[in-house]
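Chemist: Next come the chains, spelled out residue by residue.
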Amino acid sequence: MTHTAKAREPGHFDVAAVRKDFPILARTVHGRPLAYLDSGASAQRPARVIDAVDDYERRHHANIHRGVHTLSQEATGLYESARDRLVRFINARSRHEVLFVRGTTEAINLVAQSYARPSLKPGDEVLITHLEHHANIVPWQMVCGQTGATLVVAPMDARGEVHAEQVLELMRPATKIFACAHVSNALGTVLPVHRLIAGAKARGITTLLDGAQAVPHMAVDVQALGVDFYAFSGHKMFGPTGIGVLYGREALLERMPPWQGGGDMILTVSFAKSTYNSLPHKFEAGTPNISGAIGLGAATDYLGALDLAAAHAHERELLAYATDVLSNIPGLRIIGTAADKAGLVSFVVAGVHPHDLGTILDQDGIAIRTGHHCAMPVMEFFKLPATARASLSFYNTFDEIDRLAASIERARTLFA
Amino acid sequence: MELAELYRDVILDHNRNPRNFGPLSQATATAEGFNPLCGDRLTLRVAVADDRIADIRFEGEGCAISTASASLMTEAVKGKTRAEALATFAVIHRLLTDDAAEVDEQLGKLAALSGVREYPARVKCASLCWHTLASALGSPETRAVPAVSTE
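Residue numbers (the numbering used here), protein chains in the order written: chain A, 1 to 416; chain B, 1001 to 1151.
Fair warning: there could be bad hints in the mix.
[To be verified] So the derived list for chain A, only partly shown, Cβ under 7 Å to chain B, looks like this:
{"#": "1", "residue": "H353"}
{"#": "2", "residue": "H355"}
{"#": "3", "residue": "D356"}
{"#": "4", "residue": "Q363"}
{"#": "5", "residue": "H372"}
{"#": "6", "residue": "P385"}
{"#": "7", "residue": "A386"}
{"#": "8", "residue": "L414"}
To be clear, the hints were calculated from the coordinates, so they are not data collected in a lab.
By construction, the Cβ of each residue, glycine as well, lies at the ideal position given by its N, Cα and C atoms.
Put together the whole structure using the sequences plus the hints.
Modeler: This is how it looks when you write it as structure tokens:
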């Protein structure tokens, strides 16, 4: 094992120190230290996020954007300053372009209903890829059903790669919207998004990226990407659940009608006619998840204080190590072997159902995800009912990968 | 909780060599079971004659608990009347969900399923085939359901 020597190199990412930032990583499960290899489903929170939420709840909570009293002003300030942090985090042009939503799923539904539904006509096409998560399939199916547009699916190959030229071929005059994952949640594939977005833009196609699995693993710059909409969830990037972001280009958001009515999205109401608030509030109907937004803002602070380049390099080394170690287990097959991958290894083990594997690993304190990963078309493509998935974060260690491998061997022995 | 309590030898054996596995050409009723959480799918076919389960076979794919439970179930209910089979389902249901339920000695090999109740996430794996059986036997509470789902 060469990783121990590597870990001692000066300047290397200090995993032990980072792990101390995440209180939950100190706990045990079934008497074993927790090895949390399920960050792709939901990442853990650093104390900085927990404390920010706690401080808000204990000292500042009130409704925002409406009270003249001190608490309401403090809460409003914290909520809007969280938005400013998110603006910087993805390099949006202004706070008009960053909408707080419940998560990636709501963000995509918002675009499907508020942008796509009024503009799509029969004969138009919405283009996605075969490796999408359900949240980037079903909202488009729904809006196609509502408008008479057609959903077109670009292929992936047996390695789980999506080839830009094959997708570009499907960008036709009828194509109005192109939506795809930045990183696949089931396979780990990093898509060639720069080429895809550039190709779509050149053809006048509106673009959306599902960034849920990308933001925890790489720096995302929406302006450099040139994408029209970018959706992501807070809880996959060390923030709370129930909060996420839809980035949208201001010119598009300005043209879009509100999605939901009520609360913060309103300027004036009479029974004859109501007028709507300006961006970003036009899309934030009702009292939002204030503490969630503040927690998410704190997550960007936490990431901003890390050496992110070193953290991401550590993740890549973990992924390479996990791929190497797991590949050496007899009967284990890695599902998703794209050249460019991020953050996770999906796999199946001959003779051991993923669900049994999940239970056995749990007894050893190891948390992984098993199932179809809300990507049934991907499972269907590989003719599998389910896979096991170990997803990684910078707080994971090489030792945890070794424990994963040992526990898989234990399961193989049990079912041999 | 010891893993060996869940994966007892009987379970491992029935997973490795499921009994009554495959198609059944003379079936009088067929039911499908599906657990969307883990992707387990089960097709259960029964041949009922004079209110008695003359033959029963299953096909599909699932985890060890799901496969073994289905295999053990087919052995246990073959030859039973509809009412006897549904009564066995009721006993198994209590065994899987009620911590206080005593393991009935009459259960025989089915008693091996009692380890599952310590693993709440896996109870549905063990119960899928039983719900599917109730559907195949036209039990009133499941008759209207085209495909049994444990979600």
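Chemist: Now tell me, hint by hint, if it's right for this structure.
Modeler: Status of each hint after checking the structure:
no. : hint : in the structure
1   : H353 : holds (4 Å)
2   : H355 : holds (4 Å)
3   : D356 : holds (5 Å)
4   : Q363 : holds (5 Å)
5   : H372 : holds (5 Å)
6   : P385 : holds (3 Å)
7   : A386 : holds (4 Å)
8   : L414 : holds (6 Å)
Violated hints for the displayed structure: none, as all numbered hints are satisfied.
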